[in-house]
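In order, the protein sequences belong to chains P and A.
If you count by the numbering used here, then the first sequence holds residues 340 to 477, one letter each, in order.
If you count by the numbering used here, then the second sequence holds residues 2 to 148, one letter each, in order.
The reader is advised that the hints may include incorrect statements.
As the list claims (entries may be wrong) - Straight-line Cα separation of at most 25 Å, DSS-like style, residue types lysine-lysine; simulated pairs:
no., chain 1, residue 1, chain 2, residue 2
1, P, 453, A, 45
2, A, 10, A, 68
3, A, 89, P, 452
In short, the hints are calculated from the structure, not lab data.
Just so you know, these numbers come straight off a predicted model, no measurement behind them.
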Amino acid sequence: MPEISELTIGDVIAEKNFNLDRDSLVRYAGASGDFNPIHYRDDVAVSVGLPGVLAHGMLTMGLSIDPVVSWLGDAGKILEYGVRFTKPVVVPAKGRAVITVVAKVAELDPETKKVRIDLQTSFDGNNVLGKSQVWVQL
Amino acid sequence: MVNPNIQGKRYPRSAAYLVGREKIREFARATFASEESIDLAAAKASGHSDLVAPPTFPIVLQEFGLKLVIADPEAGLDFSRVVHGEQKFVFQRPIVAGDLLTSELSVASVKSLGGNHMVVFDTEIFDESNSLVCTAISTLVVRGEDA
Chain P
340 MPEISELTIG DVIAEKNFNL DRDSLVRYAG ASGDFNPIHY RDDVAVSVGL
390 PGVLAHGMLT MGLSIDPVVS WLGDAGKILE YGVRFTKPVV VPAKGRAVIT
440 VVAKVAELDP ETKKVRIDLQ TSFDGNNVLG KSQVWVQL
Chain A
2 MVNPNIQGKR YPRSAAYLVG REKIREFARA TFASEESIDL AAAKASGHSD
52 LVAPPTFPIV LQEFGLKLVI ADPEAGLDFS RVVHGEQKFV FQRPIVAGDL
102 LTSELSVASV KSLGGNHMVV FDTEIFDESN SLVCTAISTL VVRGEDA
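Please model the complete structure; the sequences and the hints are all you need to start from.
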């Protein structure tokens with residue numbers, strides 16, 4: 340478990356890449372119960388005007404917090420997690436989409452030992468989540 | 002689009018949902034969680050009675066409530082025009098395997114914004130003793146007919 344006294348605002352606590360392919364989207368559809376076909380069928384995605392098959396926003400949100408959970412060593416320390424979905428992640432039929440997550444210390448409350456971690460989740464050079472903030476209890 | 006009069010509407014409490022250990026593992030792996038995060042001994046060493054669900058797991062319960070809204074003729078929500086705008090989870094305590102949960106969705110607000118509607122749903126998730134475990138807050142953007 341990290342010590343709050345050893346943290347400084349701006350510290351990068353974790354950075355990780357995730358490779359998403361079509362299998363990842365099908366697996367998430369099954370696990371979450373979200374079977375919207377825009378997440379696995381090119382013809383449906385194109386017919387509703389999308390640039391291609393998209394990753395579930397909730398998959399992007401879900402994987403983005405993994406580096407924070409690993410850093411804490413306990414998912415039970417997460418108090419709050421919120422994001423804004425700003426850009427879609429297009430996942431090709433062949434190959435993969437690489438998502439990069441950087442987690443930084445944004446706010447420290449030594450009294451309550453609560454820490455705010457801000458996440459930057461990017462794909463293809465753009466941030467795909469905005470206002471992505473996690474409150475954790477140290 | 003969506004009927005603005007559903008602001009404040011509460012939908013019926015869901016059936017009880019038993020959080021399964023292997024369901025947690027399945028969801029965790031699907032969201033690229035580490036194997037350490039779904040290790041039973043590690044969870045117990047951290048003081049939990051069983052595996053802790055990943056932080057975005059309550060989305061599974063939020064979906065039950067949203068299905069009621071989609072099926073509600075009064076709401077008039079055209080799901081084919083819906084884009085997920087924002088999502089937040091606020092925990093009173095972690096969800097662990099073995100929890101028997103129910104959820105209740107209410108419409109916190111409906112706003113018009115440049116031809117679109119923004120609808121905020123609050124889903125409260127309760128345990129068997131009816132204590133609040135988590136609130137899932139979801140903002141959906143319903144695109145207007147010409148948007």
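Here is how each hint holds up against the structure:
1. P/453 - A/45: Holds, at roughly 23 Å.
2. A/10 - A/68: Since the Cα atoms of residue 10 of chain A and residue 68 of chain A sit roughly 14 Å apart, the hinted pair holds (cutoff 25 Å).
3. A/89 - P/452: holds, 21 Å
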